[in-house]
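> This is what each chain is made of:
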Amino acid sequence: MMRASGPARAMSRPAELVFVCGSGGLAAFGVLLVNLAREQVRATPALAAFLVLAVAFGLLLVALRAWAPDATPLLIPIASILAAVGFVTIYRLDEDLASLHGWWLLLSAAMAAFWLYAVSEKGLGHRGGRWWLLLALAAGLVVIPSSGSDSSTIWLAWNSGRAVVLNPGEIVKLVTVALFATLLSERQAFFSAGGRYTAPLGPARATKVWPSLLLLGFVLVGVAIRDSGTFMIVVGMFCVMAYMATNRTAYLVGGLGAGVLWLVAGPWLSAGLENRITVWTDPWTHPEGPGSRLAEGLFGLAAGSLSGTGLGLGDPDLIPESTTSLAFAAVGEELGLAGTVVVLAAYALIVVTGFGIALRAREVFHKLLASGLSLLLGGQAAVSVAGVVGLLPGTAMPIPFLSYGLSLTMAGFLMLAVLARVSHEERV
Amino acid sequence: MPAAILVALKFIFVALVYLLVWRVATAVAEHVGAKPWRVLGGPGTGLTVVRSDTQNGLAFDVRRPIVLGRSTEADVRIDDAYASDLHARLEPEEESLTLADLGSTSGTYVNGKRVTAVVALSRGDSIQIGKTVLEVK
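Chains as they are written, first to last, in the working numbering: chain A, 1 to 428; chain B, 1001 to 1137.
FYI, nobody ran anything at the bench for these hints, they're computed from the structure. We treat Cβ as the ideally placed atom computed from N, Cα and C, and that holds for glycine. Be aware that one or more of the hints could be misleading.
[Unchecked claim] Derived contacts from chain B toward chain A, CB cut-off under 7 Å, selection only:
#	residue
1	L1006
2	K1010
3	V1014
4	L1016
5	W1022
6	A1027
7	V1028
8	H1031
9	V1032
10	V1076
[Unchecked claim] Pulled from the structure, derived: some chain B residues nowhere near chain A, Cβ distances all over 12 Å:
#	residue
11	L1009
12	R1023
13	E1030
14	T1048
15	R1063
16	G1107
17	D1125
18	Q1128
[Said to hold, decoys possible] A few chain B residues facing chain A, derived, Cβ under 10 Å:
#	residue
19	I1012
20	F1013
21	L1019
22	A1074
23	Y1109
24	V1133
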């Protein structure tokens, strides 16, 4: 007698639109504050910030309304707050970069809207699995030959400027999660049986699985060669998702073991990694040189203290990579502990919403996809923040929605679109 | 621009972020099924045994789904030879309770009518399980 028409909407569509405009207003207010701190009163940048946020997320809302009307209304508002804070931070550090970032936001929203349209006809079927596989393979192939061996950042630059760069690692992560969800849901029996029952199940079944695993290994190795952060995330995602699919603790233990092995054996395998671990254990020995990332980030957070220096009033430009992997430190310097706590809360809310979708989903594939993507988003944010505060060795990992970057923004919006699509198909 | 105004504006900016996140957080809490605390323990969510050989006066609040029955596995044991092992389930809903019979042998009765589907309870309703009668408080 109850719940005949499904659960009541937690936030109505008009409320969502108002909310997204509110995030746009927040960005405009922030940009205004940055200019005020520089003794300038400029309305144009503030208006531009409002328009970028409102149009990008508004477009996503319209696309959801058209092609996934039953999707949960919670994801877009949270992401829009984070994107607003991120936009203000980037604007404060580099105005030109912010205007580029604005275009990336619009482009990513258009991509996500197009994706929603593309899957609206047939839905997120299992049969899409082969395509995920090919995409992952292609992205892996792109990663291997790309240059930049000295650091963990993999940038494919189309011209010499910083303008148009692509980081395939971001897309690799997204696609591999989709791939894991497909693999694990289609071959659940195999993964839960583990090695024990391979023979009785017959070689026919095993041969179906091994090629996929081989390809997967190939992608993993490709990522591992240059981008240890992505590698860690991908391996971690596999272990956690396999555990969720099969309830076998062996996968979790194996994942933790691999992590420890990576920390112990990594320095022998790669000089860059050894360098980063040394810096992590003692950033103060060379605060000007290799340790500057961690040290300056910590200085920034310390300068921010409880309530921050105020937008435009601190010196976050002293922090290296403050628009990408250390964006969290830049937020911490100007908005303080108050700002960083609310940013972390927003990430937690995305993860909770994603798990809410996964818990209520009926299909195994949907469950794994939704929980995997929420974990990926939360995990990447956690690894990035842990790198900033020195809990983990710095992995130069940007933080979704907050950092500058085309690939990152695109992957973030696509994740939102996939989560929304899952919740639409499951009507939760 | 005086520094004091900039400091005030800084706090307003952070407060706005908190306001927006709080708005989403309450919506997310509803989405994942967390109930607002004020609902729990309010009128219409407690039960008292009013007729029983051994349990007269036993009272409890329903703050999560609970199962009544004769078995030790039930959340609230009903000491009644006519009650089934897992007899009926109570769930807190928006400011009230719902009751479902779990396929018991002797049936569950609300205000004298046998329960066949999930029913919403309101204050003063009487629930009969075997020979035991409970009242919604």
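> So, for every hint listed, does it hold in this structure?
Comparing the hints with the structure gives:
| no. | hint | verdict |
| --- | --- | --- |
| 1 | L1006 | holds, 6 Å |
| 2 | K1010 | holds, 4 Å |
| 3 | V1014 | holds, 5 Å |
| 4 | L1016 | holds, 6 Å |
| 5 | W1022 | violated, 9 Å |
| 6 | A1027 | holds, 4 Å |
| 7 | V1028 | holds, 5 Å |
| 8 | H1031 | holds, 5 Å |
| 9 | V1032 | holds, 4 Å |
| 10 | V1076 | violated, 22 Å |
| 11 | L1009 | violated, 6 Å |
| 12 | R1023 | violated, 7 Å |
| 13 | E1030 | violated, 4 Å |
| 14 | T1048 | holds, 25 Å |
| 15 | R1063 | holds, 19 Å |
| 16 | G1107 | holds, 18 Å |
| 17 | D1125 | holds, 15 Å |
| 18 | Q1128 | holds, 20 Å |
| 19 | I1012 | holds, 8 Å |
| 20 | F1013 | holds, 6 Å |
| 21 | L1019 | holds, 9 Å |
| 22 | A1074 | violated, 23 Å |
| 23 | Y1109 | violated, 17 Å |
| 24 | V1133 | violated, 23 Å |
Checked against the numbered hints above, the structure breaks hints 5, 10, 11, 12, 13, 22, 23 and 24 and satisfies the rest.
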